[in-house]
Amino acid sequence: MSFRERVKKEILVIDGAMGTLLQQRGLPPGWCPEEWNLSRPESVQEVHKLYLEAGADIITTNTFGAIQLKLADYGLGHRVREINLAAANLAKEAARPYGAMVAGSVGPLGKFLQPLGTMTFDEAYGQFFEQCRALVEAGVDFILFETFGDIGEMRAALIAAADAGDVPVVASFTFDETGRTFTGTDPETAAVVVERLGVSAIGVNCSVGPRELVQVVQKLTQSTNLPVLVSPNAGMPEMVEGRTVFRETPAAMADYAVRFVEYGASVLGGCCGTTPEHIKAIHQSVKGLQPRVRSRQFGLRVASRVKTVSIAPRGIPVAIGERLNPTGKKALQAEIKEGKTEITRRDALAQVEAGAAILDINVGVGGVDQVAAMERAIHAVQVLVDAPLCIDSTDPRVIEQALKIYHGKAIINSVNGEEKSLQTILPLAKRYGAALIGLTLDERGIPPTAEERLAVARKLTERAEAMGIPRQDLMIDCLVLTVSAQPEGVPETLRAITLVKKELGLTTSLGVSNVSFGLPNRGLINAAFFAMALAAGLDAAILNPQEPRMMETLRASAVLTGRDIRAEQYIAREQQAGGVQAPAKPVEQAAATPLEILYQAVLSGDKDNIVSYIETALAEGLSPMELLDKALIPGIEEVGRRYGAGLYFLPQLMMAGETMTRSFERLRPELARGPAKKVGTVVLATVKGDIHDIGKNIVSVMLANHGFEVIDLGKNVDNEEIIKAAMEHRAQIIGLSALMTTTMVHMADLINRVKEQGLNCKVMVGGAAVTAQYAREIGADGYAVDAVEAVSVAKSLVS
Amino acid sequence: MLLPQIPVEIQHQQVLGCLGATGKQRIDRDLLDQVNEMILLGKSLLQPAAAVAQVRVSPAGDTVYLSGAAFHLPDLSQWLKGCSVASVAAVTVGETIEKEVERLFHRGLATRAVILDAVGTAAAEGAANQVVKLLARQMRIRGLFPTPRLGPGYRGLKMDYLPLFLEMAGGEQIAVTCNNFFQMNPVKSLCFMVGWSSEQQKEQVKCDFCHQANCQFRAVRTEGESGVVF
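From first to last, the protein sequence lines stand for chains A and B. Under UniProt numbering, the residue at position 612 of the first sequence is numbered 612, and the numbers go up by one with no gaps. Under UniProt numbering, the residue at position 149 of the second sequence is numbered 149, and the numbers go up by one with no gaps.
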């Protein structure tokens, strides 16, 4: 009986640690364990026999690191096939008398794939393919990918294994105490991604002990109907006298094994620290138990590296963000041409923020290498947002590259009923484990009636299933025509949605905004049609989530169609939107005088309204100087006081500063006609070698808002240039900033030069590493701890 | 090891903390909107990357050898006590964000500029945390825990060591350099080391690099997953 058959019918016990037992047999530290398949075969076989005697139904080959990349560290990179064949033959020979099965062990590469690391998908694929081919050639019963912490790497491994031969494959991940893998994948997402890549079972091994794996195993068994393997370490590792030890007893491991069977696991074993005694105890406790049959119905599930999104026929409808599409967007087109991803990243974040559950990505710009452009976009977006992606292209090469590098289960947008599309797109979905949007059109175009569209959907379903793609991974787009041109088309689309769901049990999606093309106020038409489509049973829509009306329609319709049970999500969202804790800006008292209003506007940093308040005050006969002296300056001084007292923080200081800047801009013409009001001139710079100038910039804003003329020379400025500017502008003050002790030495040098040249100019200093004591030591005229103090110091220096 | 893109979480509270918020301030909705907007903008501008190298640690009295290079630093030797291996990392969020900060200042949008600058600082810290977490999860399998972050300019380690640390980490792979005054470029970058020890360190770390009493990095940190940003 094959592994695929046995694993469904009986509880299987798999062996425990190999490395520890080889070390007990003399494997020297730093020696390649896999090399012993060649030089010490009797020791490897002895370990196999110990586990078989203990009751293991499955033993794993000593090939965890027998991959070119790792063997190369020992100068054995050219002996991958030889070592794997030898290991598999040793295991098979040992297993034969016991009727046991042999799992070909394959471990991770130890390098991260792009975009987290530098290794490409193709490089990883090549590594895994070579090892898997050798194991298949040797005739292992199945390949066990174990201790994988990165879902992207597991995808490459599984695709390579599928190409290496027709052999069952088990994908086993390592999760930590947080219940996620190294790169953040949770058990459900791991299951969703690998289920479609042809695995016969999904597993969890290593990392932690059985106690810490309880929740992971529960989640895993609830997330898949596939058999589940559980091979924990013998407890959490501890270091004792320089050696790693594991303290979980065989009896405790066996107790947990029974619990794992109850949750639904059917292959039980151990990893680091487990011995034949542990395996024997597990065997005695679980043999004779029956695997728990799980037959949970899952709808369409797609996933990013860290999150699963479910689209279910009765679940809450899902918004697929449409904005990562250059059609009609010149700036995005230009960005794609230039090879940048700034707008792409910004729009991705904004759409997820607005409620998109999935993001559609399209890079269709003429004259651009779209394969490279898609690669850039996928890499940029998949580390930025947790929403799964929908790969939108008509070019199979672009789709394939995207599916290779995406560390999740994507949706392909789209396949249709045309033979050419079926023949090119379905194999890609099958190979890379993607879901599909199926358009109800074929060689004859979009069929006019709902029944004909249903026929195309049926054809798509049959062809997908024949390819081995489960029907729940197909989402049908019944296509909507422009209502202004073909008003009869809208009811047919709505009917088709209902028919497809009823007759085929599939989920449906729709590009909503086509309906309103050519009409004014398109948003209104789109929202109304969207509500109707949701009432007809629509499950997902490709739309702009940043249009509030569309997202409101989605949320409200979910309640009205009974898909948001007890309106839970609707209520939660409304409470969130209405429950902002922050107080609004203080509203001016109706009876307040114009001067009081101006004063308050500076305090609250109301730069948007300050100019209109000034106009009102001027219209009431107040002079510009009065506004300045009686409202604005007192206002900014009060802001400074509050900042000093810790009642305001930096952005509030800056908001008040910006408000003052606008006030000065507005009043400049009037002030210019009156007597000069300049307090003094300050040349400001960050010293040579220092490239941090945020503090200096803040001081610059504050000085300007207190009537100083500021000559801001920027950062990393030579002392000579600073002195030259001070002379040229007849500055009363030179202000210097330095972040670190390594650069503040330039301050002393500048002060010496000022003195040597007899400049009538004071020097004030500040910056993170500068202290009052240091300022005194170097002979500075003033020192300020922050921007507010800098203003008063500057004023005192010019008075 | 090169990590060309690191997923970075930017916490709203952390950004406010970088800006000096202490909970005493009354923050109105307009300002909160600006903070949210800048976090969103900042995220789109981030290019977080890291270069990490593993070095052997061999203590010998007050001297500690890192991959053979001797450091006559009792403090460092003390911090790395019990560690046989350490990771030296250079982490950056790229220079786009600092250019945007400059641009905003030049346009007179000082509030947005200072907020975005804080977003960059929080992001650099977040990226470093992410790197340490990633390494910690791998090391945990071997029963090893990270020490607090150690870096040039901190805890007995002079800034002069920065070029050496950057070289050890492989900072040039992600275009992180430092000038003659040991200032890193891009500005929103960090270079640090964590040792790996079988004992989980409970000792608390408090940055005292500068005299800014309200700096968020004065806050107490533990276990290497948060620490000092320069």
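Check the hints yourself; a few may be wrong.
Stated by the list, open to error - In silico SDA-like pairs for lysine to any residue, Cα to Cα no more than 20 Å straight-line:
(1) K24(B) x K307(A)
(2) K307(A) x Q130(B)
(3) K24(B) x G644(A)
Stated by the list, open to error - Quick look at which bits of chain A chain B covers, simulated, 3 or more residues with Cβ under 8 Å:
(4) 45-51
(5) 114-120
(6) 180-186
(7) 609-623
(8) 656-667
(9) 733-741
Worth flagging that the hints you see were computed from the coordinates, not collected in a lab. Bear in mind the structure is a predicted one, so any value in this text is a computation, not a measurement. We treat Cβ as the ideally placed atom computed from N, Cα and C, and that holds for glycine.
A quick look at each hint next to the structure:
| no. | hint | result |
| --- | --- | --- |
| 1 | K24(B) x K307(A) | 37 Å, violated |
| 2 | K307(A) x Q130(B) | 18 Å, holds |
| 3 | K24(B) x G644(A) | 12 Å, holds |
| 4 | 45-51 | violated (count 0) |
| 5 | 114-120 | holds (count 5) |
| 6 | 180-186 | holds (count 3) |
| 7 | 609-623 | violated (count 0) |
| 8 | 656-667 | holds (count 3) |
| 9 | 733-741 | holds (count 3) |
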